[in-house]
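Participant: What follows is the residue order along each chain.
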Amino acid sequence: MTARDEILARLRTALADGPPPVEVPRRYRRVDDRPDLVEVLIDRLVDYRAVVHRGIGALTGLLAEVDRLAVPTDLPADWLAGYAGQVRRDAPPLSPAELDVVDAVLTGCAVAVADTGTIILDAGPTQGRRALSLVPDRHICVVRTDQVVGLLPEALTRLDPRAPQTWISGPSATSDIELNRVEGVHGPRRLEVVLVEA
Amino acid sequence: MNRPAVDRSGTGGAVAPATGGGRIRTPLPFPTMAARAVADTQLRANLHRATRTIRAKRARVVDEVPDWQALRDAGAAIKADVQRRLPELLEQFEASATAAGATVHWARDAAEACRIVVELTRAAGAEEVVKVKSMATQEIELNEALEAAGIAAYETDLAELIVQLGEDTPSHILVPAIHYNRAQIREIFQRRMPDAPADLGDEPSALAEAARAHLRRRFLSARVAVSGANFAIADTGTLVVVESEGNGRMCLTLPETLISVVGVEKLLPTFTDLEVFLQLLPRSSTGERMNPYTSMWTGVTPDDGPQDVHVVLVDNGRSAVLADPVGRPALSCIRCSACLNVCPVYERAGGHAYGSVYPGPIGAILSPQLTGVADNASLPYASTLCGACYDACPVKINIPEILVHLRQQAPHPVAEKATMRVLAWVMRSPRRWAAVLRLARVGAGPLGAYRERRSGARTLRRLPWPASAWTRSRDLPLPAPQTFREWWEKQ
Amino acid sequence: MRIALFITCVNDIAYPATGIAVTRILRRLGHTVDFPTGQTCCGQLHANTGYRTEAMPMVHNYVDVFDTYDAIVAPSGSCTAMIRDQYPRLHPPAASVAARTYELSELLVDVLGVTDVGAEFAETVTYHPTCHGLRMLRLGDRPLNLLRQVRGIRLVELGDAEECCGFGGTFALKNPAVSGAMLADKCARVRETGARVLAAADNSCLAHVGGGLDRHRSGVRAMHYAEILAATGATS
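Chains as they are written, first to last, in our numbering: chain A, 59 to 256; chain B, 1480 to 1970; chain C, 4 to 239.
Next comes chain A alone, as it looks inside the complex (with noise of 0.2 Å):
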């Protein structure tokens, strides 16, 4: 017998008891309804230590101090307006050590959820594969309001199951020692978010 229809028919034995059919209560919330979902996602970011910016127009400056930017392939052009630096398209793509030594990736998301200040990128338009929003040091994300949602339920209707998923809540962290939280280890360590009108 395979170890598959082993471990299949010790389960099936398991269940011999017949426990019957079990109607999940889903009495949580589904829709938030605070007015001020936006203002709740900045609360959150910040106090898992992000940066949080307002309007496309903060791009410039933010990048102004950055020399070498990774960018997914087709991360709109006028996100990158008047930038003077070195930009590294993700086409053929990057190796690590490349993406190693470059200054910040710039991406956008898919969708954010106000409630616990989570930016979900899946692979769409404007965010890349997922190496290159991990290795960069700094990670410059743009979330547009219209993505922005307020709970988690709300969240998982707009993303496709079998994309690869990143979400991220603040910079890497740790809580590994005496569990109290210090912020950048291994994913970047700089997580900075520009909000811009839909």
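Quick caveat, the hints were computed from the structure, so don't treat them as lab data.
Here the structure is a predicted model, which is why all the values come from computation and not from measurement.
A couple of the hints might just be wrong.
To be verified - Listed next, the stretches of chain B that the computed footprint assigns to chain A, with coverage defined by at least 3 CB atoms under 8 Å from CB atoms of chain A:
(1) 1503 to 1515
(2) 1550 to 1557
(3) 1651 to 1661
(4) 1690 to 1702
As the list claims (entries may be wrong) - DEER-style ranges, computed between Cβ atoms:
(5) A/Pro-78 with C/Arg-141: 56 to 66 Å
(6) A/Asp-91 with C/Ser-221: 47 to 57 Å
(7) A/Ala-122 with B/Glu-1570: 53 to 63 Å
(8) C/Ser-221 with B/Arg-1941: 13 to 23 Å
(9) C/Ala-187 with B/Glu-1666: 42 to 52 Å
(10) C/Glu-160 with B/Ala-1574: 53 to 63 Å
(11) B/Gln-1548 with C/Thr-35: 55 to 65 Å
(12) B/Arg-1911 with C/Thr-71: 16 to 26 Å
(13) A/Pro-78 with B/Ser-1684: 51 to 61 Å
(14) C/Gly-116 with B/Gln-1663: 53 to 63 Å
(15) C/Ala-187 with A/Glu-156: 53 to 63 Å
(16) C/Ser-221 with B/Arg-1531: 43 to 53 Å
(17) B/Pro-1506 with C/Thr-118: 51 to 61 Å
(18) A/Pro-78 with B/Gln-1786: 41 to 51 Å
Even glycine gets a Cβ: it sits at the ideal position worked out from N, Cα and C.
Given chain A, put chains B and C in place with the hints provided.
Facilitator: Below, chains B and C alone, put in the same frame as chain A:
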């Protein structure tokens, strides 16, 4: 170690659920190990500080969620549904993951799971792997198996790295190095991390920076990564890893080959179910609204992440847990550690006292079920049944109820059994109980009067074994000069 | 209403004053209390230590003795929790009598609708909410609300009040090191309050903490809160 569990199904010839092997057995009884921990004042101080810190953080972020109880109810029900439909959901997961380009393997026990990972690593031509913190791989003792096969395994989670460098074992589900303070961690880094800065301080930020520098090159050049998974989605074949540091993202994204070792109980029916669990888990574990990073992948995505993706589905005793209708909810555990952090016994005994990779209240019910109660007989008693764990559990596992249930199956000491039987024989009969009450009062009368004259209290200060276990730390009250029923009858 | 007192075995033998107190409180409020002498033990010690089979005759005895009463009051959070939580599972016909079994504060506050029981007790008191009362019965503020109405009492808050004292039935014997460490912390919190009386809803927990306080000659008296509610100044 792997053997059929008691077949409670009454199905006769069917394949019986089996107990598991690996690091899930107490080498010494809990009371012995715990007594050592209690005597270690540094350990006590470290655990006290850490558990108090995380308790306060958890309470704060749980209290702000108005629908927390509704989320718990949903989480518990989804997990109960998964357990009920586990065989079909596993088949569904296998089909979805395979269709998405992953290769699914099945392991009956710890040894078989290790063998599969070793073979896959060799097939990839690698002599080392980078690892994402995973309870399943700790449980099956994968690092030891890889080492025996000549493959170096590098833990990349900060706490796992500390434990690995210190040649220690994890003492907590979420924070395996919770038993160390910052000064001890610095000392381990200075002693065992060749590239640690000479002037390394003990601020957590400096220690985190040292770990970053130490692992950076290894991440960028790794060819094989080994992970666990927090959740496996049956209808899409998606795996989910929840983490903080980014070491998980590094391992899950950069290597060519990714091998994920996943307990069969980790399934969720649908992607939508994550809306419940990704609210429950971070707030319960690190006390954050959301953990810094969550990664999800479904098989292979062309030109994005590992192109050689494997999933090893492990039983290793889970079928035995599933076979017990009362103990079954232990499979609902999402490894958040909330029960450890609120447990007054864990706070004093520490994780190592539980012997298994699963310490604390959840370990006290899960380990004995994975191995069979006889192999971990002291663990169901490693609790005062105070109930703090049940209140904190995000999926409402009634840990005290399961502890009491497992105590019924535990082998009992001969003297205890005799005492309990005599006591039960007395209590079964109101006449005998009344007689014993009278006898106890009369027998203890002179002693009580003597003690009362000497110290003003009717208590005993020192008694021989086994009552010495009580009188070591506290006085023992003597029967009153008049029982209640005597007072009642005299009225 | 026919009210019966379930004294519990520990109280019968070692803490009769608690049972006397419950009787006095209820009589003072104008109720008749019965004490059926056929009662023995709820079986908690056996069931929770792994001797459920041996506990079953005690469960049956409890049902036989108390089934005809409208309300049964027990001055013990953990015995009440045993009956209410475990009896219906161990012996389904016990569900009805289990539902009519109340811890003292539940009977007073929920069934009889009283919070002022006319007590007077001029002492500094701190209250330890015992685990089974707190987390299984969900007694909440009931005992404290009763104590707040006592004339002359000075209630002081206990630090880490909701943490277990380390008793846990046979836990104290099977795991003496951990139990002793928990006890030491609980005693320290009690002493920090400066209270002269430690009150709780369970004499077994009080025997544990009180035994620890006595060992260090702390001068703090452990007392079931029923005895405070029964006090009228004149007798205490």
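Participant: So, for every hint listed, does it hold in this structure?
Facilitator: Consistency of the hints with the structure:
For the region 1503 to 1515 of chain B, the assignment as covered by chain A is violated, since 0 residues bring a beta-carbon within under 8 Å of that chain's beta-carbons and 3 are needed. As drawn, the region 1550 to 1557 of chain B meets chain A at 5 residues by the rule of a beta-carbon pair under 8 Å; at three or more, the given contact holds. Coverage of the region 1651 to 1661 of chain B by chain A holds in this model, with 5 residues showing a Cβ closer than 8 Å to a Cβ of that chain against a need of three. For the region 1690 to 1702 of chain B, the assignment as covered by chain A holds, since 7 residues bring a beta-carbon within under 8 Å of that chain's beta-carbons and 3 suffice.
Checking the proposed 56 to 66 Å range against A/Pro-78 and C/Arg-141 shows it is violated: the Cβ atoms sit about 27 Å from each other. A hinted range of 47 to 57 Å holds for the C-beta pair A/Asp-91 and C/Ser-221, which are about 54 Å apart. Hint check: A/Ala-122 to B/Glu-1570, Cβ distance near 56 Å, so the stated range 53 to 63 Å holds. About 19 Å separates the C-beta atoms of C/Ser-221 and B/Arg-1941, a value consistent with the hinted range of 13 to 23 Å.
Checked against the hint of 42 to 52 Å, the C-beta distance between C/Ala-187 and B/Glu-1666 comes to roughly 29 Å, which is inconsistent with it. For the hinted restraint 53 to 63 Å between C/Glu-160 and B/Ala-1574, the CB-CB distance of approximately 59 Å keeps it satisfied. One distance hint, 55 to 65 Å for the beta-carbon pair B/Gln-1548 and C/Thr-35, is violated here, with the actual separation near 41 Å. Remark: the range hint 16 to 26 Å for B/Arg-1911 to C/Thr-71 is upheld by a beta-carbon distance near 23 Å.
About 52 Å separates the C-beta atoms of A/Pro-78 and B/Ser-1684, a value consistent with the hinted range of 51 to 61 Å. Against the hinted window of 53 to 63 Å, the Cβ-Cβ separation of C/Gly-116 and B/Gln-1663 comes to about 57 Å, which satisfies the hint. Evaluation of the 53 to 63 Å hint for C/Ala-187 and A/Glu-156 yields a pass: the beta carbon distance comes to about 59 Å. Between C/Ser-221 and B/Arg-1531 the beta carbons are some 24 Å apart, a value that contradicts the proposed interval 43 to 53 Å.
Distance hint check for B/Pro-1506 and C/Thr-118: the Cβ-Cβ separation is about 54 Å, which falls inside the suggested range of 51 to 61 Å. For the pair A/Pro-78 and B/Gln-1786, the supplied restraint of 41 to 51 Å holds, since their beta-carbon distance comes to about 43 Å.
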